[in-house]
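**Q** Each chain, letter by letter, is given below.
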Amino acid sequence: MATTTLGRRGNAAPVPARSPRRRRGLVALLFLSPWLVGFGLFFAYPLLATVYFSFQRYDLFSLEPVGLLNYRYFLRDEAAWTAIRNTLWLVAVMVPLRVAFGLGVAQLITRLKAGAGFFRTVFYLPSLVPLVAGTLGFVYLLNPASGPVAAALSALGLPSPDWFGDPAWAKPGLTLLALWSVGDLMVIFLAALLDVPKQLYEAAALDGAGAWQQFAHVTLPVIRPVLMFAAVTGVIQTLQYFTQAMVAARVASGGTDSAGTVFVPGYPDQSTLTFPEWLFHQGFRDFAMGYACVLALILFAVSMVFTLILLRQFRGIEEEA
Amino acid sequence: MTLTAAPAPPAGRARPRVPRGHRRRVALGWIATHALAIALAIMFIGPLVFIALTAVMTDHQALTSRLWPDHFEWGNFADIFRRAPLLTWIGNTLLYAILATVFMLVSSIPVAYALARLRFPGRRLAFLLVITTMMLPPQVVAVPIYILWARFHLTGTLWPLILPMLLGDAFSIFLLRQFLVTIPREYSDAARVDGCGELRTLVRVILPMARPAIAAVALFQFFYCWNDYYGPLLYAGTEPSNWTLSLGLASFKAVHHTQWNLTMAATLLAMAPVIIVFFFAQKAFIEGVKLTGVK
Numbered sequence: 001m002a003t004t005t006l007g008r009r010g011n012a013a014p015v016p017a018r019s020p021r022r023r024r025g026l027v028a029l030l031f032l033s034p035w036l037v038g039f040g041l042f043f044a045y046p047l048l049a050t051v052y053f054s055f056q057r058y059d060l061f062s063l064e065p066v067g068l069l070n071y072r073y074f075l076r077d078e079a080a081w082t083a084i085r086n087t088l089w090l091v092a093v094m095v096p097l098r099v100a101f102g103l104g105v106a107q108l109i110t111r112l113k114a115g116a117g118f119f120r121t122v123f124y125l126p127s128l129v130p131l132v133a134g135t136l137g138f139v140y141l142l143n144p145a146s147g148p149v150a151a152a153l154s155a156l157g158l159p160s161p162d163w164f165g166d167p168a169w170a171k172p173g174l175t176l177l178a179l180w181s182v183g184d185l186m187v188i189f190l191a192a193l194l195d196v197p198k199q200l201y202e203a204a205a206l207d208g209a210g211a212w213q214q215f216a217h218v219t220l221p222v223i224r225p226v227l228m229f230a231a232v233t234g235v236i237q238t239l240q241y242f243t244q245a246m247v248a249a250r251v252a253s254g255g256t257d258s259a260g261t262v263f264v265p266g267y268p269d270q271s272t273l274t275f276p277e278w279l280f281h282q283g284f285r286d287f288a289m290g291y292a293c294v295l296a297l298i299l300f301a302v303s304m305v306f307t308l309i310l311l312r313q314f315r316g317i318e319e320e321a
Numbered sequence: 001m002t003l004t005a006a007p008a009p010p011a012g013r014a015r016p017r018v019p020r021g022h023r024r025r026v027a028l029g030w031i032a033t034h035a036l037a038i039a040l041a042i043m044f045i046g047p048l049v050f051i052a053l054t055a056v057m058t059d060h061q062a063l064t065s066r067l068w069p070d071h072f073e074w075g076n077f078a079d080i081f082r083r084a085p086l087l088t089w090i091g092n093t094l095l096y097a098i099l100a101t102v103f104m105l106v107s108s109i110p111v112a113y114a115l116a117r118l119r120f121p122g123r124r125l126a127f128l129l130v131i132t133t134m135m136l137p138p139q140v141v142a143v144p145i146y147i148l149w150a151r152f153h154l155t156g157t158l159w160p161l162i163l164p165m166l167l168g169d170a171f172s173i174f175l176l177r178q179f180l181v182t183i184p185r186e187y188s189d190a191a192r193v194d195g196c197g198e199l200r201t202l203v204r205v206i207l208p209m210a211r212p213a214i215a216a217v218a219l220f221q222f223f224y225c226w227n228d229y230y231g232p233l234l235y236a237g238t239e240p241s242n243w244t245l246s247l248g249l250a251s252f253k254a255v256h257h258t259q260w261n262l263t264m265a266a267t268l269l270a271m272a273p274v275i276i277v278f279f280f281a282q283k284a285f286i287e288g289v290k291l292t293g294v295k
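Residue numbers (the working numbering), protein chains in the order written: chain A, 1 to 321; chain B, 1 to 295.
Bound-form chain A, shown alone (with noise of 0.2 Å):
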């Protein structure tokens, strides 16, 4: 008898008179119930499962123990590093241009006399197209046949790269359309440069510094943590870059996969392939699932750094909340 007895008695012992805290807790439980159970079933246990995963061979069908079998292949696996390489490269040069660049336009914005807010708009616009909107028009921008860039440079009697057809152009291709989109950066940076004291500006122009000292010394210093913010948010979102290398692949080399063939990313000659696209296309694709997960850790561990500089920073504000 004794089980449910005492589970009843359990739920009958009486409630400690709720003190004000602990109601309190109870009502933040209730509100943050939603997020609780959604970071438990997405975030949690996928990334458990993905630990588990990446020690066997699993195809949807059939689960297989391969100890570190996934883990020898990823050694081995060409296309992989091809993939690291390439990510590599849009990290290293994606992210310090469209930083600079957003930063230069957003300085640009605050020395303009007349039309500030008509300039804003107009850098900012591109930054809301569809990604794979705007690659579709880039690639189209971009084509030596008939692409108005190719035009455009044969007038001034320049050479015209193939762009998206050319492993050596097609990143360059890619990065334009980035600093093309560098609107919502642009934003966040102008409205850092409008927060800077105009006071130490006179300040400086009190002691005679001119305006490429004055960016140097007061507005850089100043803006610095905002800067820092756009840097490892924009590493982090270019370890995940995708959509702008699939589309670009997909449509310059007309491929598909919706006609029966597995269209393979990284056209041409695997220069687009990005590190996200191979764990797609293994995982999603070919359903090596468990190998997929190898690949999912090794992003995990990498956008994990970043994110902890990113946690850092916020660490100090939500103290004063």
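These are calculated hints, taken from the structure and not from any lab test. Any given hint could turn out to be false.
What the hints assert, rightly or not - No farther apart than 27 Å at their CA atoms in a straight line, the calculated lysine-lysine pairs in the DSSO-like style are these:
| id | chain 1 | residue 1 | chain 2 | residue 2 |
| --- | --- | --- | --- | --- |
| 1 | A | Lys113 | A | Lys198 |
| 2 | B | Lys283 | A | Lys198 |
| 3 | A | Lys113 | B | Lys283 |
| 4 | A | Lys113 | B | Lys290 |
Using the hints provided, position chain B relative to the given structure of chain A.
**A** For chain B alone, kept in the frame of chain A given last:
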């Protein structure tokens, strides 16, 4: 917006004491910055103009490098609807975007409120975990989540992208929280003195004040879904009737061996709603983007 960080005084008659050379230098600077801004503006707008112009060219002209349409082929827009199930794709995209946005708002607002304005043990940890889930690439946990949805036989549909929104979206929670912490405590304290519980305080006092932030996250969520390619590519499957506009657009040229003019017409169609809404809700967008920067 008209605030300027640069201390340079405006060139003009108002300042007679400024030496002539200096005035000329300032005027030249003015011209240089504005010329640069105009040049950049042309580069930013140019691609959109070329897309729009190509969209109304004839098949034949789209293959040449002549930029201005010899003849405006408005029929291209009707043509793309005949060649691809665009209406189905738009319908699927709207279903995805609207449901995801509504679900996100319902689930994320209370979480953001708790993180911003309630005191409880572990609050800081919870906030840091929200940022962590927001930052980590979705591909990291994609495999087990895909397997989970496959068990429920929901792969091949858009539901795996919609249903999780009932459980909060980290980016929206983060953004809302960043806004809610800026509302002075006195407002909720006053409500509490009047005997409002937390839920009433949230609904009656905080939500009306947070309208700009709610508008921003709703817009971001809607257009995130509208633009999303990775999610539908993963879950929508190979059956075109389940695709979204982004997914269909990406395969538009390859599948139909379509000419550039039609591809650009479809591209224009995909970007038009975003641009139109932006012009009506510019402030909400800009304020929202500012919230994403660190303060």
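**Q** A separate judgement is required for each hint: does it hold in the structure or not?
**A** Results of checking the hints against the structure:
Under the criterion of a C-alpha separation no larger than 27 Å, the hint pairing Lys113/A with Lys198/A is consistent with the structure, at around 16 Å. With a C-alpha separation of about 25 Å, the suggested pairing of Lys283/B with Lys198/A holds against the 27 Å cut-off. Restraint check for Lys113/A and Lys283/B: the C-alpha separation of about 21 Å stays at or below 27 Å, so the hint holds. The hinted pair formed by Lys113/A and Lys290/B meets the criterion: a straight-line CA distance of about 22 Å does not exceed 27 Å.
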